[in-house]
Amino acid sequence: MEEFRIPLGDWIEAGVDYIRENFTPLLDGISAAIDLVAESVESSLEFLPYWLLIILLVALGFWRVGWKFALFTLLALGLVVGLDLWDETVSTLALVLSATFVALVIGIPIGIAMAKSDTVETIIRPILDLMQTLPAFVYLIPAAMFFGLGKVPGTIATVIFAMPPVVRLTNLGIRHVDREHIEAGLAFGCTGRQLLFKVQLPLAMPSIMAGVNQTIMLALSMVVIASMIGAGGLGNTVLTGIQRLDVGLGFEGGLGVVVLAIILDRITQSFGTPTKGGGGLFASLRSLFHRVTPTDQETAQPASDQGSGTPRQA
Amino acid sequence: MADKLVLDSVFKIFGPNPDEAKAMLADGLSKDEIFEKTRTTIGVQDASFAIQEGEIFVVMGLSGSGKSTLVRMLNRLIEPTSGAITVDGRDIVQMSTAELIDLRRHDMSMVFQSFALMPHKTVLENACFGLEVAGVEAPKRYDRAMDALESVGLKAVAQSFPSELSGGMKQRVGLARALASDPTIMLMDEAFSALDPLIRTEMQDELLRLQQEHRRTVVFISHDLDEAMRIGDRIAIMQDGSIVQVGTPENIVMQPANDYVRAFFKNVDVSQVFTAGDIARKTQVTVVERPGVSVRAALQTLRDHDREIAIVIDQRKQFQGMVSVDSLLGEINSQGEDRYQRAFLTDVEAIPTDMPLSDVLSRVADSRWPVPVVDDKGRYVGAINKTALLQTLDRAS
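Those protein sequence lines, which keep their order, are chains S and G.
Note that the first sequence covers residues 1 to 314 in this note's numbering.
Note that the second sequence covers residues 315 to 711 in this note's numbering.
Isolated chain S, as found in the complex (with noise of 0.2 Å):
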């Protein structure tokens, strides 16, 4: 019996193809792009020597969160520096900044659009299903033909992999303004611009920021990944680990990953919860004060919140 297949693939192969041959001038403006955003993330980190850097994420941690969170941020900066592993930190840090970077910049707007539009959101959403949960594999292939290997098909696997948080809650967070919130600024005389930027984005923050964190973690958890495809970092330490069986590099290399997904997640978290005072010293230095208690829970518990990026990793 002669069996029938759809040729889907020889189908996705030959829109590759196409794309390929026939856009070539839009690839590589996408590629000149990205590339400068990482680029100049990364050169502008590396420019720092680590011990400014170490004080600057320290200091951080110290007014957005508390003094215990700024003791733990130095001594694990000082481990991975021991481990001799801080280069590969700095370009893990670059890459997941300007790829995070880039996910909002495209991602909010969608966002925004979807929260707007049911027909948008309608369209947008299996997108973004597909966008998390294809493989990331899948499309590390076509990334690498299109832009070739290195940082940028890296980055853009990452922005891939990591926008549909920041999408989704933006949408969810805009949609969630209360119906006399829009309505007060419909009522005072909001044009539909004013009514966005003055009313719908700032009340939707906490759940924008939520959005960002997800963000964040998604494309830490894709670094080892995107290692394979010559984006180098602390996934190419895991990466030689796996490749020589070398259990204690590959250990190494998690736990610079793991490092960087704490102190991310909770300087990018304390943004989630608004600081009343809007800005100002004293409002800072207030916020500094209330922040201690929370965090006393919220480090006692780092392990849970790995969750969302330990398990891509190995």
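Under the rule of at most 27 Å between Cα atoms (straight-line distance), these lysine-lysine pairs were calculated in the DSSO-like manner:
(1) S:K116 x G:K435
(2) G:K435 x S:K198
(3) S:K198 x G:K469
(4) G:K469 x G:K435
(5) G:K454 x G:K469
(6) G:K580 x G:K700
(7) G:K691 x G:K596
(8) G:K700 x G:K596
(9) G:K631 x G:K691
(10) S:K116 x S:K198
(11) S:K198 x G:K454
(12) G:K631 x G:K596
Bear in mind the hints are in silico, worked out from the structure with no lab data behind them.
Remember, it's a predicted structure, so these values are computed and weren't measured experimentally.
Given chain S's structure and the hints, the job is docking chain G onto it.
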């Protein structure tokens, strides 16, 4: 007073078949029947009335009666299906978006049940929200918002955040925000319903005080009867989307248009609604005190009318006192200019027209005589006797 807002057969019909539903309404079908047949909900039907400049106009009804929909059509947060709403002669329904935004920024503001303050902004920033949106420069808008905050007594907490305030204070911020743009019309949607009773009364007084300082046209939505009675110059009662009665609180209590309205007012404490002036009657005999009129003449007047007592007024209608047959007889043979004064009953004291009925009750109950009522210039407006009081209480319950 001039008409500020005029509604002319305004309809709001939610759902797929507004025209069909409207035709069914004209055929006399009920709201429920129409929903059964067309899946279309009648929000407001055929609302026509005028709100006068400077009055507090309360729209009252049970939940689902369409009062919130009605008020939202006044600033077109909800688009009317048909009809005309004119403010100062301009039809809001026909306005372009730009005109509408201009109207909302300068002429009409709104206060919300759940306050709807922006949690990320300070009290001051919240108060100047309308001005900010309207593009008023920073120093100027802060000055104006500060004035508005001062008028509601919140100047001290201008730099606080809404989450640090109590419910009553939050709604004061809501009021200040609505006042800051100095609108001529304020829409208040169940503005005090989320507050506990004591604070609610306090806020009602606050609103009345603000009205005294600067009269605005206030459209106030409420389901609370006591509130409506307390602050409303006039009240509109809504039932199933239609306006069943518009009138002053007294008017509605005394002549309810239908059983729905009657049921609504069944438990009204009339003693809170009415004041002495409302039930004072000029049924007592009056004698005018002027030089040369003798006690004997007054006595004759009383006998002619077969009355026991008479009210004494002067030529400018000022209340002087009350005399009875007995007190006059006591002075009949005495001499002097002040014979009337000596005949005045000592246990009689006039009460002002605005005294609430709850206070009048005890005065009338304790007095042997009808209680005279005078206006704020001391002029006699009538008297209240026990019979009239009982009739009023009886009719309302």
